[in-house]
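There are 2 protein chains.
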Amino acid sequence: MTSPRGNGRGASSQRGPLTRREVVTAALALVDADGVDALTMRRLAERIGVYPTALYWHAGNKASLLAAVCELAHSDMELPPVVGGPPWHEWLRSMGHAARAMLHKHPNIAPVLASQLQVTTSSFPLSESVLAVLHGAGFEGERLTGAYNTVIGFLFGWLFGELASEPPEADEDWTSGFQRKLRDIDSDAAPTLAANLPVLANQAFMLRWESGRRRPMDRSFEMALDVLVAGLAAQVGHEQAVGG
Amino acid sequence: MTSPRGNGRGASSQRGPLTRREVVTAALALVDADGVDALTMRRLAERIGVYPTALYWHAGNKASLLAAVCELAHSDMELPPVVGGPPWHEWLRSMGHAARAMLHKHPNIAPVLASQLQVTTSSFPLSESVLAVLHGAGFEGERLTGAYNTVIGFLFGWLFGELASEPPEADEDWTSGFQRKLRDIDSDAAPTLAANLPVLANQAFMLRWESGRRRPMDRSFEMALDVLVAGLAAQVGHEQAVGG
DNA sequence: ACCTGAACACCGTTCAAGT
DNA sequence: ACCTGAACACCGTTCAAGT
Chain A
1 MTSPRGNGRG ASSQRGPLTR REVVTAALAL VDADGVDALT MRRLAERIGV YPTALYWHAG
61 NKASLLAAVC ELAHSDMELP PVVGGPPWHE WLRSMGHAAR AMLHKHPNIA PVLASQLQVT
121 TSSFPLSESV LAVLHGAGFE GERLTGAYNT VIGFLFGWLF GELASEPPEA DEDWTSGFQR
181 KLRDIDSDAA PTLAANLPVL ANQAFMLRWE SGRRRPMDRS FEMALDVLVA GLAAQVGHEQ
241 AVGG
Chain B
1 MTSPRGNGRG ASSQRGPLTR REVVTAALAL VDADGVDALT MRRLAERIGV YPTALYWHAG
61 NKASLLAAVC ELAHSDMELP PVVGGPPWHE WLRSMGHAAR AMLHKHPNIA PVLASQLQVT
121 TSSFPLSESV LAVLHGAGFE GERLTGAYNT VIGFLFGWLF GELASEPPEA DEDWTSGFQR
181 KLRDIDSDAA PTLAANLPVL ANQAFMLRWE SGRRRPMDRS FEMALDVLVA GLAAQVGHEQ
241 AVGG
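Residue numbers (the working numbering), protein chains in the order written: chain A, 1 to 244; chain B, 1 to 244.
Possibly wrong hints are sitting among the right ones.
Where chains are identical, the list cannot tell them apart; a pair therefore holds if satisfied intra-copy or between any two copies.
Below, computed lysine to aspartate or glutamate pairings styled on EDC-like, alpha-carbon distance capped at 16 Å [as the list claims (entries may be wrong)]:
| # | residue 1 | residue 2 |
| --- | --- | --- |
| 1 | K105 | D76 |
| 2 | K62 | D37 |
| 3 | K105 | E140 |
| 4 | K181 | E128 |
| 5 | K105 | E169 |
| 6 | K62 | D171 |
| 7 | K105 | D218 |
| 8 | K105 | E172 |
| 9 | K181 | E169 |
The set of hints was computed from the structure by calculation and includes no laboratory data.
With the hints as extra help, turn the sequences into a complete structure.
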């Protein structure tokens with residue numbers, strides 16, 4: 001009950017003063033393992049083997065700790081090289097896959113990234129790369145802003161949607177109730193939905209009961225990338241360059 | 001301190017037993033006014049003029065109350081008519097504007113919708129409409145699923161990003177620190193970013209310190225819609241139909 | 001500088017009891 | 001059926017005190 005250090009994290013926790021990096025790493029590990037709701041100052045402190053209030057000295061309050069956790073997860077994303085790299089549409093596809101890989105590695109952090117503005121700090125390299133690639137594709141000035149916002153908003157928005165939180169397992173009522181409502185859909189009121197239920201149920205947004213962490217939406221993501229790239233190409237007059 | 005009803009909500013609260021609808025409406029009003037963090041069972045109860053535990057009888061626990069709040073907000077979205085309506089690309093634009101109007105009417109609920117899977121219940125009419133329109137545009141089977149996921153994921157993902165939560169006002173440190181970091185960007189490491197800062201600062205994802213609730217991203221949204229529609233057109237071979 | 005230990009104001013939720 | 005009232009187990013955070 002009294003919680004001095006030492007039994008906290010096995011071999012990896014060295015002696016010596018606790019460091020900020022150690023706190024943030026432990027917090028990300030906790031989120032990855034048990035979800036973002038499991039991240040409480042008290043629980044994290046216990047896991048590290050320290051008193052809760054000690055965390056405040058290193059990581060500030062919970063909000064700034066969470067921001068640091070997001071930043072750490074974000075740093076796991078490897079950007080494709082821009083100079084001497086592939087043509088812009090291929091680069092965007094690589095970047096999309098890199099972003100998706102990072103988020104699937106830390107799916108529990110996705111809802112946090114999706115809802116907060118603050119966590120964007122230190123993603124300047126990503127911004128610069130996307131901007132450079134789009135500039136190279138022919139976008140300038142306000143249209144560069146628009147294209148950039150389209151790419152970031154569409155891509156990350158789609159991925160955050162794929163990785164949305166599932167209801168807590170306690171709520172099996174919801175899952176079974178939703179499945180029943182889906183099965184009982186009126187084919188008069190919703191004919192297209194009813195007719196295509198086999199390819200839609202649990203595979204499409206707003207029609208699924210499992211998150212993309214459990215059920216990755218691989219093919220839909222590829223098609224989304226196709227649409228994004230082709231749409232940008234149309235904006236810049238390179239329709240023929242990207243293929244269907 | 002003792003909190004019987006009557007002084008709770010002025011004239012609008014009739015006598016008689018509390019109803020579920022009344023609870024959910026009051027909860028949405030509280031979220032709209034003060035943000036989702038302000039929605040606690042105890043505070044809501046006090047506002048209605050009832051004991052906290054009374055809410056559980058009508059609305060279940062907090063998670064299901066929040067789901068009901070999302071559903072209520074969602075019901076504020078007016079779908080454009082499908083049969084006898086405009087061509088598919090114009091319909092998609094109208095739907096996009098309707099979704100945006102709804103979310104800008106309840107911006108504080110956007111982060112919840114962005115992060116949770118559960119809140120999708122009873123959006124079957126929206127799903128059916130989008131599916132019908134895309135089917136009419138020529139998508140079938142698995143490609144229909146892909147196109148549907150592209151539309152929903154891109155559109156709502158973009159809008160949730162626009163309306164992300166700002167840091168609490170207490171955190172003026174973050175805002176000013178972020179602005180400084182943006183101003184001090186190294187034009188060697190990030191030349192495109194540095195050169196285009198005037199059209200990017202506070203107007204682009206990951207480069208802004210204010211949310212779209214305060215600073216709507218109107219023009220970028222229009223361009224995003226252009227890209228989405230043109231990209232879908234390319235998928236189905238109607239490139240010439242939608243215009244640039 | 002770094003951390004303990006107590007304390008404060010708040011949560012969501014359960015449950016027995018009232019009417 | 002509908003709500004009260006007390007109680008429980010948890011929070012985040014502050015602050016004085018130790019070393």
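For each hint, the structure was consulted:
Taking the closest pair of Cα atoms, K105 and D76 come within 16 Å of each other only inside a single copy of the chain (9 Å); across copies the shortest separation is 36 Å, beyond that limit. Both within a single protomer and between protomers do K62 and D37 lie at most 16 Å apart by alpha-carbon distance, with minima of 12 Å and 14 Å respectively. With identical chains, the CA atoms of K105 and E140 are never at most 16 Å apart, being 34 Å at best within one copy and 32 Å at best between copies. Taking identical chains as interchangeable, the C-alpha atoms of K181 and E128 lie at most 16 Å apart only when they sit on different chains, with a minimum of 14 Å there against 46 Å within one chain.
Neither within a single protomer nor between protomers do K105 and E169 lie at most 16 Å apart by alpha-carbon distance, with minima of 21 Å and 32 Å respectively. Proximity of K62 to D171 under the C-alpha cut-off of 16 Å is restricted to the inter-copy arrangement: shortest distance 13 Å between copies versus 27 Å within a copy. For the identical chains of this complex, K105 and D218 are intra-copy neighbours only, at 15 Å inside a copy versus 33 Å across copies, given an alpha-carbon limit of 16 Å. In this homomeric assembly, K105 and E172 never come within 16 Å of each other (Cα to Cα): the closest approach is 26 Å inside a single copy and 32 Å across copies.
In this assembly of identical chains, K181 and E169 lie within 16 Å of each other by CA distance neither inside one copy nor across copies; the values are 19 Å within and 42 Å between.
Checked against the numbered hints above, the structure violates hints 3, 5, 8 and 9; every other hint is satisfied.
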